[in-house]
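Student: On the provided structure of chain A, position chains B, C and D as indicated by the hints.
4 protein chains.
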Amino acid sequence: MPDASVRVLFLDLDGTLTDGVIGFSRDGDFRNFFVRDGLALEWARDLGVLPVVISGRMSLSGQARMHDLKLEHYLGVRNKVVVAEKVLAREGVGWEEAAMIGDDLPDVPLMKRVGWPIAVADAVPELLPFAKTVTVARAGAGAVREAVETILKRNGTWAKVLARYEVS
Amino acid sequence: MPDASVRVLFLDLDGTLTDGVIGFSRDGDFRNFFVRDGLALEWARDLGVLPVVISGRMSLSGQARMHDLKLEHYLGVRNKVVVAEKVLAREGVGWEEAAMIGDDLPDVPLMKRVGWPIAVADAVPELLPFAKTVTVARAGAGAVREAVETILKRNGTWAKVLARYEVS
Amino acid sequence: MPDASVRVLFLDLDGTLTDGVIGFSRDGDFRNFFVRDGLALEWARDLGVLPVVISGRMSLSGQARMHDLKLEHYLGVRNKVVVAEKVLAREGVGWEEAAMIGDDLPDVPLMKRVGWPIAVADAVPELLPFAKTVTVARAGAGAVREAVETILKRNGTWAKVLARYEVS
Amino acid sequence: MPDASVRVLFLDLDGTLTDGVIGFSRDGDFRNFFVRDGLALEWARDLGVLPVVISGRMSLSGQARMHDLKLEHYLGVRNKVVVAEKVLAREGVGWEEAAMIGDDLPDVPLMKRVGWPIAVADAVPELLPFAKTVTVARAGAGAVREAVETILKRNGTWAKVLARYEVS
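Chains A, B, C and D, in that order, give the protein sequences. Numbering follows my numbering, in which position 66 of the first sequence is assigned residue number 66; successive positions increment by one, without gaps. Numbering follows my numbering, in which position 33 of the second sequence is assigned residue number 33; successive positions increment by one, without gaps. Numbering follows my numbering, in which position 87 of the third sequence is assigned residue number 87; successive positions increment by one, without gaps. Numbering follows my numbering, in which position 49 of the fourth sequence is assigned residue number 49; successive positions increment by one, without gaps.
Chain A on its own, in the form it takes in the complex (with noise of 0.2 Å):
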């Protein structure tokens, strides 16, 4: 785990908050999230940790996912270093505060600046010389919410999730 308290998560799409599968009717695409994914994203933002989405795919799906989940999102992205950069600014939060998960070739120039970077249990082998945690779980199976809990945990309010269920 990185020194730093986590402030912001970015997050890639396709293969991270999905199963990877982009599937097509005649009317367009379609994608599958997790439910656990989502209520996950819900509990950090409520603690603490701004959850980001940037993709370099645009996506009408994806889009009405992030929607529903009320995420701030960037998609059909070129560059996602110079995104990330002005949402950190904007933030006023530095790279070491900021994790990073995804699970192929184009999010490794994210991941090289953050200072949690995390791979998803089925990434491309190439990304996890990159990583500092590789998930359990698989992509759109739950590997996000683990990694956020895996945070949360870190930044000492994963008990205030377990208070709210009667868990503890």
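Just so you know, not all the hints are guaranteed correct.
Cut-off 30 Å, straight-line C-alpha distance, at most; resulting in silico cross-link-like pairs (DSS-like, lysine-lysine) [to be verified]:
| no. | chain 1 | residue 1 | chain 2 | residue 2 |
| --- | --- | --- | --- | --- |
| 1 | C | K86 | C | K132 |
| 2 | B | K153 | C | K112 |
| 3 | A | K153 | B | K153 |
| 4 | A | K112 | D | K112 |
| 5 | A | K112 | D | K153 |
| 6 | D | K160 | A | K132 |
| 7 | A | K86 | A | K132 |
| 8 | C | K160 | D | K112 |
| 9 | A | K132 | D | K153 |
| 10 | B | K132 | A | K153 |
Here are the in silico distance ranges between beta carbons for each label pair [unchecked claim]:
| no. | chain 1 | residue 1 | chain 2 | residue 2 | range |
| --- | --- | --- | --- | --- | --- |
| 11 | A | G156 | D | L128 | 50 to 56 Å |
| 12 | D | G156 | C | L162 | 36 to 42 Å |
| 13 | C | R78 | A | P125 | 39 to 45 Å |
| 14 | D | M58 | C | E166 | 30 to 36 Å |
| 15 | B | G156 | C | M58 | 30 to 36 Å |
| 16 | B | V81 | C | K70 | 48 to 54 Å |
If you are wondering where the hints come from, they were derived from the structure by calculation, not from laboratory data. Ideal Cβ placement from N, Cα and C applies to all residues, glycine included.
Tutor: Below, chains B, C and D alone, put in the same frame as chain A:
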């Protein structure tokens, strides 16, 4: 197994009646249900176990499945316990005659109150200490079918299902 | 394998021709079929084995696939045995020349009557005592393809399929 | 690996670019593609390997994905070999400079002719004797990505992909 017969079965929706996937197209959400779960809920109702679905999340696709199965359902619920109490009062059933099947933290408050709390095989680990039974089958792939079978066997009515299909 | 050649193949739909998932959007249901199953059913028909789908559940998505494959089908059927008897009488085929592939309790009455009852790999365990063959492949992932291959080999017509594709 | 560099890559669609599922709603068909496969095909084209999809089955959902990726494609093809011959003649490329990736019997005639026939991990067993390479990844889950990587490494252009993403 609990001491009392089961007369009401509360069910979570996402991650319990589904595999946890919330799909999106530009036109909205979709969810994956399992044919054998639905069939089992029809048996349960015929044999004196009322299934009642309580979900924290509003969902048009969930609603469509609920209507398909003609299931009593409450979606977008803030406090699952309050809803369950009203159902039990109306049915004249005590907590000890109720079962509940769930998969994630928001299900804990209800699981702590029913006589027979059941977790799906792929429930989050924090849920397991609150469950008396954990299914072998995963959610959206037979967990609810398995729970209903176990309940009907406990209630002594499973043989009626087998007889209906010339199995015994 | 049975003594007689197979001339009619009865098939269940949900959990046999599909993986058992019944998806829902707000606009209705959808189902997952498998490309290799459909191709095999086209071979079967060309080579003298008539496929007939009999399902207890009405389904617009199932109907769409049936039309896609131009399959004889009966959906929303209360008594599968009665429907099968009419098909056999029309075709002049006896029960001993019929096969049936299924996955769940409602398939038992038909499986008890045909000459060659087949269960998919992921059938419910109560079905297995009634099956003469259990496929290695799971439903919606090649079970029907495997059953058709086995039947065509029994009938002595599988070599014609291989020759069509320059395999032998 | 073959002796010649690869200049054209023929691809089957169902069961190769997808997981073999053909979904249906009442409004038509849908198919599951994989984000990393599509990205790899974009790299291939940029680096001198022309991807050409040839499928025996017409499909509106397949067409939608082809347009999304701007891929040359022929759907509803009776004779895959004739189509491939025309493409090769137009490109001035010989069979020995062509690769083909497929999963089922209808792919055999083309696999017998190309210099580098590739089977997906979950191809039917009858296909394997005709393949020089079998991918580790399953269709619709990275098989095409893996095949493209292998081809680009053979062609000596894979390092350009890594450099693009600051990996090396």
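Student: Hints first: check each against the structure and report whether it holds.
Tutor: Verification of the supplied hints:
1. With a C-alpha separation of about 24 Å, the suggested pairing of K86/C with K132/C holds against the 30 Å cut-off.
2. For the suggested pair K153/B and K112/C, the alpha carbons sit about 25 Å apart, so the restraint of at most 30 Å is met.
3. Only pairs whose Cα atoms come within 30 Å are accepted, and K153/A paired with K153/B is rejected, the gap being roughly 42 Å.
4. For a cut-off of 30 Å, the pair hint linking K112/A to K112/D is broken: about 45 Å separates their Cα positions.
5. With a CA separation close to 25 Å, the supplied pair K112/A and K153/D stays within the 30 Å bound.
6. For the suggested pair K160/D and K132/A, the alpha carbons sit about 25 Å apart, so the restraint of at most 30 Å is met.
7. With a C-alpha separation of about 24 Å, the suggested pairing of K86/A with K132/A holds against the 30 Å cut-off.
8. Proximity of K160/C to K112/D is assessed by CA-CA distance (about 19 Å); at most 30 Å being required, the pair is judged to hold.
9. Proximity of K132/A to K153/D is assessed by CA-CA distance (about 28 Å); at most 30 Å being required, the pair is judged to hold.
10. Between K132/B and K153/A the CA atoms are separated by roughly 28 Å; this keeps the pair inside 30 Å, and the hint holds.
11. G156/A and L128/D have their C-beta atoms about 54 Å apart, which keeps the hinted 50 to 56 Å range intact.
12. For G156/D and L162/C, the hinted distance range of 36 to 42 Å is satisfied, since their beta carbons lie about 38 Å from each other.
13. Between R78/C and P125/A the CB atoms are about 54 Å apart, so this pair departs from the stated range of 39 to 45 Å.
14. Here the CB-CB span from M58/D to E166/C is close to 23 Å, at odds with the stated 30 to 36 Å.
15. Separated by about 32 Å at the C-beta atoms, G156/B and M58/C satisfy the suggested range of 30 to 36 Å.
16. Between V81/B and K70/C, the C-beta spacing of about 53 Å keeps the proposed range 48 to 54 Å intact.
Violation of the numbered hints given earlier is confined to hints 3, 4, 13, 14; the remaining hints are satisfied by the structure.
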